[in-house]
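Assemble the complex: chain A is given as a structure, and chain B must be docked to it using the hints.
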Amino acid sequence: AQSVAQPEDQVNVAEGNPLTVKCTYSVSGNPYLFWYVQYPNRGLQFLLKYITGDNLVKGSYGFEAEFNKSQTSFHLKKPSALVSDSALYFCAVRDRADTGRRALTFGSGTRLQVQP
Amino acid sequence: DTEVTQTPKHLVMGMTNKKSLKCEQHMGHRAMYWYKQKAKKPPELMFVYSYEKLSINESVPSRFSPECPNSSLLNLHLHALQPEDSALYLCASSQELAGGLGNEQFFGPGTRLTVL
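From first to last, the protein sequence lines stand for chains A and B.
This note's numbering puts the first residue of the first sequence at 1, with every later residue one more than the last.
This note's numbering puts the first residue of the second sequence at 117, with every later residue one more than the last.
Treat the hints as calculated values from the structure; they're not laboratory data.
Cβ atoms here follow ideal geometry from the backbone N, Cα and C, with glycine treated the same way.
The reader is advised that the hints may include incorrect statements.
If you want the ones that stay clear, here's a sample from chain A, every Cβ over 12 Å from chain B, calculated [stated by the list, open to error]:
1) Asp9
2) Glu64
3) Asp85
4) Gly107
5) Val114
Here are the computed lysine to any residue pairs in the SDA-like style, where the Cα-Cα straight-line distance is at most 25 Å [as the list claims (entries may be wrong)]:
6) A:Lys22 with B:Lys157
7) B:Lys134 with B:Gly218
8) B:Lys169 with A:Lys77
9) B:Lys154 with B:Leu232
10) A:Lys49 with A:Pro116
11) B:Lys154 with A:Val11
12) B:Lys154 with A:Pro40
13) B:Lys157 with A:Val83
14) B:Lys157 with A:Asp9
15) A:Lys77 with B:Val231
16) B:Lys157 with A:Ser70
Bound-form chain A, shown alone (with noise of 0.2 Å):
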């Protein structure tokens, strides 16, 4: 079975000043990790992904991720938020070992604030 924890219902945040979500997970084997983020009324949009190599991953629009094994952990950062980076931000996992279910599971999301 996989599951994805995000603890933080949401996260507040000053413009400039660095952020986090936070992100956890649960695999039999290893993970495939990814983040969406997801603006009012739209779909998901893909920022970044683990799949193996450096456990810092590099996404789109300034993002970065830290695969962490033995905490098991891929906590989303940036190092200076925008008043447009306010939006909704899913974890999601894939066991590598569960081939038969070929699904993703999302955490339940965490609500991104930054104030200007």
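Same frame as chain A, now just chain B:
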């Protein structure tokens, strides 16, 4: 073309109506998905098509009927829906499913469905 399009953007229907949602992609993706999303919740997987064949049905009620007429199109036929079926319906696509668990999904903007 890296876009998934969905029509209509909004749909209001009565419980006795029959309607269809349409999704189209021209990225050559061979896996296509339907998700249902309630407000402030993560997307819930409904169906997955792989090479135009239904691969996953997440125990969705039969009042939802998916169809994949060709590799670029995905339909969701709706009949005798209930008010609790009101939600944002998202279509997504990705490169082939088999051996491609690390492929990200590209989402359309969604159809906002209201059932009266």
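I'd like to know which numbered hints this structure contradicts. Please list them from smallest to largest. Those not satisfied are hints 1, 4, 7, 8, 10, 15, 16.
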